[in-house]
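Based on the hints, put chain B in the right spot on chain A.
As you go down the protein sequences, you meet chains A and B in turn. Just so you know, we're using our numbering here: the first sequence kicks off at 25 and counts up by one. Just so you know, we're using our numbering here: the second sequence kicks off at 20 and counts up by one.
Derived by calculation from the structure, the hints in this document are not laboratory data. If a hint is listed, it holds; no wrong ones were tucked in.
Here are the simulated lysine-lysine pairs, PhoX-like style, with alpha carbons at most 20 Å apart:
| # | chain 1 | residue 1 | chain 2 | residue 2 |
| --- | --- | --- | --- | --- |
| 1 | B | Lys-282 | A | Lys-304 |
| 2 | B | Lys-282 | A | Lys-284 |
| 3 | B | Lys-205 | B | Lys-174 |
Derived CB-CB ranges, DEER-like:
| # | chain 1 | residue 1 | chain 2 | residue 2 | range |
| --- | --- | --- | --- | --- | --- |
| 4 | A | Gly-40 | B | Asp-105 | 15 to 25 Å |
| 5 | B | Asn-123 | A | Ala-84 | 34 to 44 Å |
| 6 | B | Gln-250 | A | Glu-161 | 29 to 39 Å |
| 7 | A | Leu-217 | B | Gly-33 | 32 to 42 Å |
| 8 | A | Lys-253 | B | Thr-130 | 49 to 59 Å |
Cβ coordinates follow ideal geometry from the N, Cα and C atoms, glycine included.
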Amino acid sequence: MLIIETKNLTYTYPGGIKPSIRDVSLTIEKGEFVILTGPSGCGKTTLCRCFNGLIPHFYAGQLEGELTVAGLQVKEHPIYEMAQRVGLVFQNPENQLFALSVEKDVAFGLENLGMPREEIRKRVDWALQMTGIEELEERAPHELSGGQQQRVAIACVLAMQPDIMVFDEPTSFLDPLGAQKIFEVINELNKKLGVTVILVEHRLDLASKYADHVIIMDEGRIVLNGRPKEIFDSETARLIGVGIPKATQLWQILRENGIKLESIPTSSEEAVRLLREVLKT
Amino acid sequence: MIEVKNVFFTYPTGVEALKGISLSIRNGEFVAIMGQNGAGKTTLVKQFNGLLKPTKGEVLVDGVSTRNISVARLARKVGFVFQNPDHQLFSETVEEEIAFALRNFGFKENTLKKRVTWALNLLDLTEYRKTSPFMLSGGERKRVALASVLAWNPKVVILDEPTIGQDHRQKEILRQFIVQLNAQGKTVVIVTHDVEFVAECSPRVVLMAQGQIVADGDAKRILTDPNVALQASIVPPQITQVFLGLTDLGLSTDVIDVSEATKVLLEYLEGGNR
Numbered sequence: 025m026l027i028i029e030t031k032n033l034t035y036t037y038p039g040g041i042k043p044s045i046r047d048v049s050l051t052i053e054k055g056e057f058v059i060l061t062g063p064s065g066c067g068k069t070t071l072c073r074c075f076n077g078l079i080p081h082f083y084a085g086q087l088e089g090e091l092t093v094a095g096l097q098v099k100e101h102p103i104y105e106m107a108q109r110v111g112l113v114f115q116n117p118e119n120q121l122f123a124l125s126v127e128k129d130v131a132f133g134l135e136n137l138g139m140p141r142e143e144i145r146k147r148v149d150w151a152l153q154m155t156g157i158e159e160l161e162e163r164a165p166h167e168l169s170g171g172q173q174q175r176v177a178i179a180c181v182l183a184m185q186p187d188i189m190v191f192d193e194p195t196s197f198l199d200p201l202g203a204q205k206i207f208e209v210i211n212e213l214n215k216k217l218g219v220t221v222i223l224v225e226h227r228l229d230l231a232s233k234y235a236d237h238v239i240i241m242d243e244g245r246i247v248l249n250g251r252p253k254e255i256f257d258s259e260t261a262r263l264i265g266v267g268i269p270k271a272t273q274l275w276q277i278l279r280e281n282g283i284k285l286e287s288i289p290t291s292s293e294e295a296v297r298l299l300r301e302v303l304k305t
Numbered sequence: 020m021i022e023v024k025n026v027f028f029t030y031p032t033g034v035e036a037l038k039g040i041s042l043s044i045r046n047g048e049f050v051a052i053m054g055q056n057g058a059g060k061t062t063l064v065k066q067f068n069g070l071l072k073p074t075k076g077e078v079l080v081d082g083v084s085t086r087n088i089s090v091a092r093l094a095r096k097v098g099f100v101f102q103n104p105d106h107q108l109f110s111e112t113v114e115e116e117i118a119f120a121l122r123n124f125g126f127k128e129n130t131l132k133k134r135v136t137w138a139l140n141l142l143d144l145t146e147y148r149k150t151s152p153f154m155l156s157g158g159e160r161k162r163v164a165l166a167s168v169l170a171w172n173p174k175v176v177i178l179d180e181p182t183i184g185q186d187h188r189q190k191e192i193l194r195q196f197i198v199q200l201n202a203q204g205k206t207v208v209i210v211t212h213d214v215e216f217v218a219e220c221s222p223r224v225v226l227m228a229q230g231q232i233v234a235d236g237d238a239k240r241i242l243t244d245p246n247v248a249l250q251a252s253i254v255p256p257q258i259t260q261v262f263l264g265l266t267d268l269g270l271s272t273d274v275i276d277v278s279e280a281t282k283v284l285l286e287y288l289e290g291g292n293r
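Excised from the complex, chain A in its bound form (with noise of 0.2 Å):
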């Protein structure tokens, strides 16, 4: 089932001189794990505020074509009616964390739907639990370490239970491990809950092994968009200078030099195995 579709969607930014993006027509089906990725300033972002409505409603601008989320004409739905369906995760969680505690932030955006208490209470203690900071619940937000506010971010918006997550670069403020550990959650989020999970992220060497579905943007437009083994492989991907995992070029090099595996790997797991039958022959 689609959950997101768009058609021929270009957007100019109020003022803005030309589109930020261009002609982007795109599918995504209910329960992909998507990362979205390509160079600084080439509309990853813009694209994002479309799919939860920030985009025509908030920044206003020049909006054209289709653009259909979870089943809803976004341009004919207001950003709260938007935001039940769509969640957006910022890069910086400082950013989006405001309240005294851990349990006050994750509550507001449920108290400002008017939910009933009970509700409250009970969407609260679930999204603190699946996102692994029961403990945390009395903390101020501002005395936690980077990666446990990045925790708070998410349990607010999974709070509100949407359909799809957009994650804008959730980790480039965190350690590897720290890093590991929020791609983690948001896996289990993607496989046990079902959430449709629309990652932007530079670091593909972290986080490709997550994904079933890769969409390369370059310039405002879609320049590549599909299974990971074959987007990373191709020529366009090189071209553009998308990060593409270590493994990854490690198998393009041993195959100009006449070493080939038995498949394309995204992931250092992946590589040990595929080299092992190599080597051990």
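Frame of chain A, contents of chain B only:
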């Protein structure tokens, strides 16, 4: 250039962030300070430019203790580029931003103009001369922050997490830029947890965990030692991980980049076929 002598530092909140750090950085060195979030990396480099003073112990910069010199005077020697450019930028145009510190240091107006033009050019920002820094992308704002520090030509440049929010191509440009600065004799200190970036730059690595230095040496030795990585909670580069998974085949594990990996694998296969 920088000499840290048994430094302890406790924040007013009671958090003991540095616990007995001793370290010397020579003039012209390129050092990456690595470690988990909260390991004390940023606290340590803030001692280098006197933003923080040791609770116990001493930091000497160019032979002078940071206790005996003002932060403003020290800044001439040690330039600091913050992790989040928004903590640093405030002017209405990029040009003004870069001129600000120069004016504070008392540069004459025509020297100042030349320096600004030079720095804009150096970081490929000339087209944004009259633009507000806040209209720029995150990556561009980081370049403005860097330009504003390089403009006064400090001997030491400290970059706190320079690769955050930078795409693959910008990282490559940044890498070349840092290597170039270093080749021109500047002492460069970066604070980072981007292991792939460090693997590509190969600086000296100082690894921190819980307020202490747990390893110090060249990038290859530190990043490929699984015990060291575990101790400081860093994840080795992806290529190293591959080789750590193949140790039983007798392959060496001190491999950090793709071309080296290819060489090792090809040699192994040739040896096996003979």
